[in-house]
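S.K.: Line by line, the protein sequences are chains A and B.
Going by my numbering, the residue at position 12 of the first sequence is 12; the numbering climbs one at a time, nothing skipped.
Here my numbering = 1-based position in the second sequence + 185.
Just so you know, these hints were derived from the structure itself, not from any lab.
Where hints are given, some of them may not hold.
Here are some of the chain B residues that sit facing chain A, going by a computed Cβ distance under 10 Å [unchecked claim]:
id: 1; residue: T369
id: 2; residue: P384
id: 3; residue: R410
id: 4; residue: F443
id: 5; residue: W484
id: 6; residue: Q488
id: 7; residue: P540
id: 8; residue: T544
Even glycine gets a Cβ: it sits at the ideal position worked out from N, Cα and C.
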Amino acid sequence: MSHDSALGGAPGVHGVMAEFENPEKLIEACERAYESGYRRMDAYAPMPVEGLAEAIGFTRNNVALAVLIGGICGCVGGYGLLYWITNIAYPLNVGGRPLHSWPSYIPITFECMILLAALTSLVSMLAMNGLPQPYHPVFNVDVFAKASRDGFFLCIEAADPQFSIAQTTQFLRDLGGSEVTLVPA
Amino acid sequence: MAIKNPEQELLESNIQVVDPGPNSILGPGHDYRSVTDRISGVVYLPWKASPKKWLVGAFVSFCFVNLLMLAVSYLFLRGVGIWGITIPIGWGFAIINFVWWIGIGHAGTLISAILFLLKQDWRTSINRFSEAMTLFAVACAGMFPILHLGRPWLAYWLMPYPNTMWLWPQPRSPLEWDVFAVSTYMTVSIVFWYVGLIPDLATMRDHAPKLWMRRIYGVLALGWRSSAIHWHRYQKAYLLLAGLATPLVLSVHTIVSFDFAISIIPGWHTTIFPPYFVAGAIYSGFAMVLTLIIPLRSWYKMQDLITMRHIEAAAKLMLGTGLIVAYGYAMEAFFSWYSGDPYESFMYWNRITGPYGFTYALLILCNIAIPQALWIGKVRRNLLLVWLIAIVVNIGMWLERFVIVVTSLHRDFLPSSWGIYIPTRWDWATYAGTLGFFMLLIFLFVRLLPSISIFEVREVVHEERIEAAHVS
């Protein structure tokens, strides 16, 4: 996830990557890596796999919070816009009806809320994931192209304090990973 | 086809194309790799190797796009007088087509959002396609109110923005609600569609046979690398988008119906309008999905990915929403009698027996009578019949909007202001032009982007593997 590979004492190395046969074996490998104390790692699968992110210790997903904030901003902003138009900027007396005619504000307020919440869900998901990202070291591994088709990968990163090229490579082999390769940064 | 190359072979991989029938959403023998290659293979296919039907279809659509250009250019030159609209029928084809197109779009959102929340497995292979259909239909819909403005180049006056005229739109008007509803709907549909596409664009980037393709898909994929943590946030964002799109789609057609229902015109001023418009929208949208997907799945040999299960489920939903629409018609008739209002009851009597009575009769035939054939399982499983019924429903739903717009307006309160509306050739040209525009976009879409969500089909493969493991 980061380029500060100097931390793990292996300059020029992003990490060590291994391929696993199927999603179940990948989850198992991730759980065992986490139990063995590895923290800086990432798993790769061609589709969302239930429990995979949890297996590598990921629990804080803030997308929903961001979307809630976006929705509230849209709602308040939309209502504020309408109030401002009809009461301050361009008050129009229609047969003596009240200027602050809130029931007729509901549709636009609702649309603004949905609009901002939806845009926030896209932007927050991408921002939290660090996308768009033109370069990432995992793509240096040729076999990694399978991660978007039928490959299941675990990459333990050099930034992990426990990382050592020899030991981590052996560890991934012991977990049953094939194609264990060094990922250049 | 004479041309044979690696991409072509991808498409004709060793897995036989077998429709597994109405009980399964995926043909036999598929794994993660085969579904990926099959779906992306359609896009990698060289243009020269496109099915002949695709080439002919795209060409004909392109001709109609030119007709649209012509009709719109003439409109800009001469104004809306070239259309058949008069007083009292100021809303002619423009509004009929606007409501028809936007309704068609709604099935796409229903399939991708509402069926996702309801965990309907058969949405998976048709959601991407339906979302694309939504976008293109809304693009067609959006043209009409703007063309109808009279001075379309001032369309931006509809948006509230600080201007030197110190003028603001009237946000208490349903027409202004419509501006917000439709533009929000378009934006959210694009976001939802694009979010769904990101992982598939990464797949296209990683496996495209040519460098320029990898570059284009690579830019669009934003560097997606299938990370488990990314997937986690991705799924949350997708779920929330589905949750937001669901009330949105209901609100959009409700607001479209407010364009009518908030007015005091007999036949428009009823409370049944919002639910009955939403049901009608989904009804016509499913009809359009079926109209498009039945030929396309056979042209691109996708019968094992879009199976009879999908067709039958869509046909059942079409039947169900059609019955809600039938209830709407019945309630309209009932209200006009029960209200005791002479204008309301005259309106309904005039709708059935007046100069436009034949459109009402055709409407009942197309929307209520003929689709009842879908009660029969054999009809639902007969592709040709389902396709024909879907086309009949498309026509019927267009007639519904014609009946609502024209019959209510042409004879309202004062007999001295009654009139007759006859669409001109320019009305027809604009309508046919948008049909061509819509079809051309659909044709281009199936060639340029994976028209089935690849990663979601991989999820289906994954689930079937787990199930198989449990059984054995």
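S.K.: What are the numbers of the hints the structure violates, in ascending order?
M.R.: 5, 6, 7, 8
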